[in-house]
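With the hints as constraints, model all of the structure from the sequences given.
Protein chains in written order, with the working numbering: chain A, 1 to 406; chain B, 1 to 295.
Hints were generated in silico from the structure; no laboratory data involved.
Wrong hints could be hidden among the right ones.
[Unchecked claim] Straight-line distance between alpha carbons at most 25 Å, and here's what the computed SDA-like set of lysine to any residue pairs gives:
| no. | chain 1 | residue 1 | chain 2 | residue 2 |
| --- | --- | --- | --- | --- |
| 1 | A | Lys375 | B | Thr57 |
| 2 | A | Lys200 | B | Ile251 |
| 3 | A | Lys337 | A | Pro362 |
| 4 | A | Lys300 | B | Ser122 |
| 5 | A | Lys250 | B | Tyr265 |
| 6 | A | Lys118 | A | Ala336 |
| 7 | A | Lys250 | A | Gln238 |
This one's a predicted model, so the numbers in the text were calculated from it and none came from an experiment.
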Amino acid sequence: MKQRISTFILGTALALAANGGALAQDKTVKVGVLTDNSGLYSDLGGAGSTLAAQMAIEDSGMAAKGWKIDLISADHQNKPDIATTIARQWIDVEKVDVLMDVLNSGVALAVNNVVKEKNSVMINSGAASSDLTNAQCTPNTVHWTYDTYMLAHSTGAALVKAGGDTWYFITADYAFGAALERDTTAVVLASGGKVVGSVKHPLNSSDFSSFLLQAQASKAKIIGMANAGGDTTNTIKQAAEFGIVAGGQKLAGLLLFISDVHSLGLNVAQGLNLSSTFYWDMNDQTRAFSKRFADRMKTKAMPTMVQAGVYSGLLHYFKALEALGGNPHDGAKEVAKMKEIPTDDALFGKGSIQPNGRALHPAYLFEVKKPAESKGPWDYYKLIGTTPGDQAFRPLSESACPLLKK
Amino acid sequence: MQALYAQLLVGLINGSFYALLSLGLAVIFGMLNIINFAHGAVYMMGAFVAYFLLNLTGVGYWWALLIAPIVVGIFGMILERTMLQWLAGLDHLYGLLLTFGMALIIQGVFQNYFGSSGLPYSIPDYPQIGGYHGLQGGMNLGFMFLPIYRGWVVIFSLVVCLATWYTIERTRLGSYLRAATENPTLVRAFGINVPRMITLTFGLGVGLAALAGVLSAPINQVRPLMGADLIIVVFAVVVIGGMGSIMGSIITGFALGVIEGMTKYFYPEASNTVVFVLMVLVLLVKPTGLTGRAA
Numbered sequence: 001m002k003q004r005i006s007t008f009i010l011g012t013a014l015a016l017a018a019n020g021g022a023l024a025q026d027k028t029v030k031v032g033v034l035t036d037n038s039g040l041y042s043d044l045g046g047a048g049s050t051l052a053a054q055m056a057i058e059d060s061g062m063a064a065k066g067w068k069i070d071l072i073s074a075d076h077q078n079k080p081d082i083a084t085t086i087a088r089q090w091i092d093v094e095k096v097d098v099l100m101d102v103l104n105s106g107v108a109l110a111v112n113n114v115v116k117e118k119n120s121v122m123i124n125s126g127a128a129s130s131d132l133t134n135a136q137c138t139p140n141t142v143h144w145t146y147d148t149y150m151l152a153h154s155t156g157a158a159l160v161k162a163g164g165d166t167w168y169f170i171t172a173d174y175a176f177g178a179a180l181e182r183d184t185t186a187v188v189l190a191s192g193g194k195v196v197g198s199v200k201h202p203l204n205s206s207d208f209s210s211f212l213l214q215a216q217a218s219k220a221k222i223i224g225m226a227n228a229g230g231d232t233t234n235t236i237k238q239a240a241e242f243g244i245v246a247g248g249q250k251l252a253g254l255l256l257f258i259s260d261v262h263s264l265g266l267n268v269a270q271g272l273n274l275s276s277t278f279y280w281d282m283n284d285q286t287r288a289f290s291k292r293f294a295d296r297m298k299t300k301a302m303p304t305m306v307q308a309g310v311y312s313g314l315l316h317y318f319k320a321l322e323a324l325g326g327n328p329h330d331g332a333k334e335v336a337k338m339k340e341i342p343t344d345d346a347l348f349g350k351g352s353i354q355p356n357g358r359a360l361h362p363a364y365l366f367e368v369k370k371p372a373e374s375k376g377p378w379d380y381y382k383l384i385g386t387t388p389g390d391q392a393f394r395p396l397s398e399s400a401c402p403l404l405k406k
Numbered sequence: 001m002q003a004l005y006a007q008l009l010v011g012l013i014n015g016s017f018y019a020l021l022s023l024g025l026a027v028i029f030g031m032l033n034i035i036n037f038a039h040g041a042v043y044m045m046g047a048f049v050a051y052f053l054l055n056l057t058g059v060g061y062w063w064a065l066l067i068a069p070i071v072v073g074i075f076g077m078i079l080e081r082t083m084l085q086w087l088a089g090l091d092h093l094y095g096l097l098l099t100f101g102m103a104l105i106i107q108g109v110f111q112n113y114f115g116s117s118g119l120p121y122s123i124p125d126y127p128q129i130g131g132y133h134g135l136q137g138g139m140n141l142g143f144m145f146l147p148i149y150r151g152w153v154v155i156f157s158l159v160v161c162l163a164t165w166y167t168i169e170r171t172r173l174g175s176y177l178r179a180a181t182e183n184p185t186l187v188r189a190f191g192i193n194v195p196r197m198i199t200l201t202f203g204l205g206v207g208l209a210a211l212a213g214v215l216s217a218p219i220n221q222v223r224p225l226m227g228a229d230l231i232i233v234v235f236a237v238v239v240i241g242g243m244g245s246i247m248g249s250i251i252t253g254f255a256l257g258v259i260e261g262m263t264k265y266f267y268p269e270a271s272n273t274v275v276f277v278l279m280v281l282v283l284l285v286k287p288t289g290l291t292g293r294a295a
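Here's what the structure looks like:
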């Protein structure tokens, strides 16, 4: 009898232990891609970002190791209120573990707060504002692909060095445009240049002629376009019409994606300088990934740096989960692990994540090829400079991130 | 002061698009009593037809100006015959909802295949007369550099608008049309095929939108959402001008383009909202619109 009871206790203890172990090794993950699926940024993120996440899940080999990964996506319509509603619902009801992409700086800064409040994870690829890892940094956000500080220092500094010392800005009137103009202005002033004026236009405008005439009248050598997507392509196209480049002024696309260049065509886009952390035609690995990606895209488009960032950011997140031995469902803990492990993947190369959440990797300065130099569709860029990862982004000593003050 | 002239002219250019589009809306509303929310979608289709003509068949801009409105007009007439005609006599809301749904479907299909960034379409470079290459390049007017293409848009759309107004208000065909709107039964009694006339009118309104689409293709990217972005403003233009008033929508179209242009100069942040502020003011003072008659 006594033996029976002790066997029973032992059995209970074993069952408890097994159960406890199973809890620690929860191997389910839910990934949510929150992006612009229908608006002016949907070509640079959109369905391509969801596809990139899908490919990361497949390529990670997590399923073979016993993980169960679900993927959902939603359209935030570039509206912060819609985005935060979706984010709350995803985290509370759908039990989403990690929010991917979240392009549009206005949206990203709003979702940033939700993710922190709910102790979830955001791996941001598409938003530009460097505030995400500066004053607005949180222990739950990783900013993966690029930011306004990098763009300003790479493109802005190169143009001032080449003699463009007076600037006029055409700026998208929301968080992103303001951040990009601010960061670029700092670089221009620091390099000895001058900013002679700027004009703010509403997001998603179709006619830029009024703004271009004001830029033309300013006589600035460089017209800096602190906007993105459809706004930038329309500005560039209409600038050609008003003879701005022919008149000796130079356009600076501070944020140009390969989808924009493809949409403009090389005839219009040739000679523009732009900065990017990813280009499909960098090496065998990026080419292999991009071909696979384009084959699965409905529009047959090559990946933008935003979509590539979703892919490699998510792969790194999975590495962190594996290192934790299971999904702790604790955003801050998962992000801390991500910062601990050095980043290394096929698309962005080796790098690291800083304590403020900023992922470091090299930034490339490209020039858009002339039509004669291009060997075919999507052969658009030639590399003219590389900034190493540790210099491309804001140094920690200049960061106002509260996490660093502990 | 020079800058002001330039902004006035630029406003006039945008006004041309507003005028052409609101004219089509006014014609359709005036004759069919349908609030056509698919107007932006057919405008976009006009631009896409021009793009396809050039890239698939090599047919250039000048022919596209003629062919695209006809192709899209026929598409519109098919819509009218198969769907819209059944809504005649019902509340405006039904037509509005149906055309709104159509617009979403058309835009969705184009976006699915062509993405959102748009496709390039350049300004025509023929015929080459003297030193000019078609409509490329520009002229220095002293106070501004005017792209020739923009000048062409203003003149061409003005001509089209006035021609449409003349046809409807001053010709026999136009008088039939107006009579058919007032009292279709009576006009039928005179042996005029009213349903066919209504179909053709819808085709005309849609064709005008497609024409505006072709005109805008070289200025803006040919994008699936190009119409959706514009149509809300155009509706405001029609409301300000007075629903169904032909001349009212033409004048308001140009005038609002100019007012918007001025706003872009003095207070650019408000340039997307100024039209709607005006709309509210007009509705408060004169609910039928500036030139509208009380129903």
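These are the hints, each one checked on the structure:
1. Lys375/A x Thr57/B: Measuring from Cα to Cα gives roughly 24 Å; hence the hint holds.
2. Lys200/A x Ile251/B: violated (29 Å)
3. Lys337/A x Pro362/A: holds (22 Å)
4. Lys300/A x Ser122/B: holds (23 Å)
5. Lys250/A x Tyr265/B: Holds: Lys250/A and Tyr265/B sit about 22 Å apart, inside 25 Å.
6. Lys118/A x Ala336/A: It holds: about 16 Å lies between the C-alpha atoms, which stays within 25 Å.
7. Lys250/A x Gln238/A: Roughly 14 Å between the alpha carbons, so the hint for Lys250/A and Gln238/A holds.
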